[in-house]
Each structure stands twice: as structure tokens, then as C-alpha cells.
Amino acid sequence: MDESGHGGPLLRLKGVHKRFGDLEVLRGIDLDVKGGEVICVIGASGSGKSTLLRCINLLEPPDEGDIYLEGRSICKGADARSGEAGWELDYVRQRVGIVFQQFNLFPHRTALQNVTMAPQRVLGRGREEARSRAVELLERVGLGDKFDQYPERLSGGQQQRVAIARALAMDPHVMLFDEVTSALDPELVKEVLDVIRELADEGMTMVIVTHEMNFARDLADQIVFLEEGVILEQGPPAAVLDNPREERTKRFLGLVLEH
Amino acid sequence: MDVILEQYFDLSLMAEHFDDVLAGFWITIKLSVVAGVLALFWGLVLALLRQLPGKPLMPVRFLTIAYIDVFRGIPLLMIILLVSGSLPFLPIPESIAIPRWFGQPDTFWYGVIALTITYGAYMAEVYRSGIEGVPGGQMEAARSLGMNHRQAMRNVIVPQAVRRVIPPLLNDYIALMKDTTLVSVIALNEAALVGRDVQSSLFNSSALTLGAIMFLVVTLPLARFVDRQIAREHRRFSRGAPRVETG
Chain P
1 MDESGHGGPL LRLKGVHKRF GDLEVLRGID LDVKGGEVIC VIGASGSGKS TLLRCINLLE
61 PPDEGDIYLE GRSICKGADA RSGEAGWELD YVRQRVGIVF QQFNLFPHRT ALQNVTMAPQ
121 RVLGRGREEA RSRAVELLER VGLGDKFDQY PERLSGGQQQ RVAIARALAM DPHVMLFDEV
181 TSALDPELVK EVLDVIRELA DEGMTMVIVT HEMNFARDLA DQIVFLEEGV ILEQGPPAAV
241 LDNPREERTK RFLGLVLEH
Chain G
1 MDVILEQYFD LSLMAEHFDD VLAGFWITIK LSVVAGVLAL FWGLVLALLR QLPGKPLMPV
61 RFLTIAYIDV FRGIPLLMII LLVSGSLPFL PIPESIAIPR WFGQPDTFWY GVIALTITYG
121 AYMAEVYRSG IEGVPGGQME AARSLGMNHR QAMRNVIVPQ AVRRVIPPLL NDYIALMKDT
181 TLVSVIALNE AALVGRDVQS SLFNSSALTL GAIMFLVVTL PLARFVDRQI AREHRRFSRG
241 APRVETG
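Protein chains in written order, with the working numbering: chain P, 1 to 259; chain G, 1 to 247.
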């Protein structure tokens, strides 16, 4: 695979397996994500959706299979594979951003400091440069007046938007969203989805795990239905959501779209 | 009743020996501060060594855990005697063999060494509970942003961990301060020894009572401060999830 990866998919998963003790959570995932694409992953709890995202950014390194980011394999080799040590952590984490369901903002730092910390410490950006970029990003997510607030003073929706700004500050090539609105009060969900929508419009490549079906239908280029660790069905929203082929897909959607 | 007052609260005796007891207590303070600060740092170092990740560093983790277990398991009094008794005979360069640094006698420094290596072990466990109490999502977020283990610990985990364990660390500090009295067994003239000398020569405990009161002057406010910190933390956590504002 060539280093530049142009012409191939931005992100490719091949035969990814992940086990936790005796439980095999991912049982052979093959997935291609093209540059600029938005993939929405849906499925029941325990189907492996979160684990899939966490494999991509190596929080849970795969036990088997490989992942290619921009054409380059991020596995150091089948024999090097003990835990994190077998994978190109720096390469991945500086190109893949993730936003968590529980926000995970640093409570002992202000919103601004949350956004500037990684660019300064990891990318070595200067204080002024990191600060002005952080200001720009926080304004972009609608929090221009909240720089100096600590997370405990922000609502859930605001915290999540800071979390998005924080991930964007590292200039990722791919953004992962792990059920980012599931922990929010309903009235706060829209503000976060709007930010994600804008990002998609600007061409960011994204893999989004979500329960928000209408949002997924609007935004996704591809819907991926995950069930018991395998991709059961995949295709454009019109196909998967409105005309699912598989029985289990129909059942899942029947359950979810009900309310 | 009168006997109690006479034995323990003989005010004229206290006045007479006030300067001596205060001088002894001043040594207590110096010993507590020096050993306390060193133990606070040493404890943090131990706690960090204990959780270094990765297979190649297992010997480091193992040795650290062994150290902590050993020095929490041996009485401080024995450590003091072990350090002071035989250290002078060990083949160490003449210049540091008998420490007389900063004008303090060697007994002072033996006390510092013993207190530091022991209380460092206790404090290491306190720091460990603080580190383990930081939610796992914090480390995940830090690592996902590209920070390596050291950066994540230094910028995200340790600041939060330390904040959480200030009350138990202060409690350990108060305990350390009281344990400085054990150094009296190697003839360091701290508050307890001064009081005891008066007690044995005059058959009256009032000088010791005076020393005890001096201790309380320091430990009581510290204890109340710790209580206030704990109450403050409880109020913060009982607020629960982030407060929802409009917008």
C-alpha cells in the first residue's frame, strides 16, 4: 500500500477481531471509509459499536486483522502485537479524533485550556498559536463566551461541544463520535447534532455511532448495521433504513423507530 | 483532683521550663516540615513508579510494591533504630557518613531519613487511591488526543489525583508530626524528650503537658481544615452531573 493513500479509502478495516477474555465482541469487521464520507453505525447494545470505534483509534487494539489509515498499515507486524505496543499509536492518534459519550473533559482546566492542552503538549504548538486556534474552534461550536469556564459550570451540550472543539484542535483527518448525544438531556441534543452536521458539510470524514435515526438518515453516506460483532447490512440510508434486506435489521429498526 | 492538677498542670513549672519545651517543639516542627515535605514527594514518586505501564517495566513495579509493603510493615521505631544504629558503620564517604547538615545534629537527619522512607510508603498508597479514583475516561481522552503515558499522567491524571487526596495526605502529615516524638529514642531533643527529662528529674509531668498543648495548637487547626476540605468535596460531588444552564 502506498504511503499517501490517495485513490484508496482513507480508512480501511480488514478482518478486525476483538476479544475481551472469552467474549468475542468483534468477529471479523471489513469496512472502507472514503475521504469525506460520513458513516453511521447503528446496532443494539453489545453489538460492538463502541468497540469498533475504539479499535480504530487503538484504545482497544485489535487482536486480529489490520487497519489502514491513509493507505498505511498501523499494525507494526503480527509478531509485535502485544497490546498497544504492536500499533502505531502516535500516527493514529494525531490523525483520528474521538468524542466520547461521557464528554471526558478535563475538569481541572477551563474550556480554553482543554482545547489548547494537546496541541501544545503533543504537537508542540506555541502558546499564542494554540490559543488563537482554540478561540476560533470554540467560537465555531458556539461557545465564544465560555472560554474561561470550567466544565462543571457548563451544560452537557456545552461540554460536548467543547469536547468536539478539543478533538478538532489536533486537526484530525477522521472524526469518531461514540454515541455523543446519548448522555444528554433531549433539549440539548440538537445543538450538538448541528455542530456535527456542519462538520460533515465541511467535508470531514466521520464514523458516527448513534441512536438518532433521523439524524443518521439525513447525514450518512453509508449506514452500517452491526449485530453481534459483524456487519450484517451496509448501504445508503434509503436502502438500510427504508428497505432493509435482513430480518434482524428490520426487527432492530422496528424497535428503534417506534418512538 | 488536686493531685491531677499538680502533676499535669503545674503552671509555675510550665512557666519555668517554657523556653526549653518551646525549643524542643521548634525542633519537632523542623523535623515534621522537612520529613513531611520529603515524604510527600517521595510518596508521589513511589506511586508513579508503581503504575508505570508495560511488560519491560515489571521489575520496577515489583520493587516498588515490595518497598511499600516492607516499609508499611515494619514499625517506625525500629526503622529509626536501624538507621541510626548502623548507618555510621556503613562504608559511605566520610563527608556524608555522619550527617550534620544545616547545623542540625546527626540524630535529626536520622530521624528525617527514617520518617521519610516510612511515611513515603504510606503516602504512596494514598496517592495510588487518588490516581485510581480518577475516572478511566480521563486517561482515554488524554491518550486519544495523542498524549503519551507520561504526558497524560502529568497534565491530566496527577493534578486531579492529588486534589482528591489532600485530606488523607494531611491526616498522614499529622500522624508524621506526632511520630517525630519517636526520634526521642536516639536522644534528639525534641518536645517529648525535653518533657521527659523534666518529668524524670522533677517527678512531674507538666512539661510534657505543655508539649502536648503545643502539639494541639498545630494539629487541631489542621484537623479542622481537613474536615472542611472533606465537606467541600462532598458538596461538590453531591451536586452530581453538571449543572444544566439554559443555552
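Take the hints with a grain of salt, since some may be wrong.
Residues from chain G shown here face chain P by an in silico Cβ test under 10 Å; the list is partial [unchecked claim]:
(1) D20
(2) A23
(3) L52
(4) K55
(5) P59
(6) R143
(7) S144
(8) L145
(9) M147
(10) N148
(11) Q160
Honestly, the hints are just simulated from the structure, not real lab data. C-beta: ideal position from N, C-alpha, C; glycine also.
Verification of the hints:
1. D20: violated, 47 Å
2. A23: violated, 42 Å
3. L52: violated, 14 Å
4. K55: holds, 7 Å
5. P59: violated, 17 Å
6. R143: Result: holds, 7 Å to nearest chain P Cβ.
7. S144: Holds, because the Cβ-Cβ distance from G:S144 to chain P comes to roughly 5 Å (cut-off 10 Å).
8. L145: holds, 4 Å
9. M147: For G:M147, the interface hint holds, since the closest Cβ of chain P sits about 6 Å away, which is under 10 Å.
10. N148: Result: holds, 8 Å to nearest chain P Cβ.
11. Q160: holds, 6 Å
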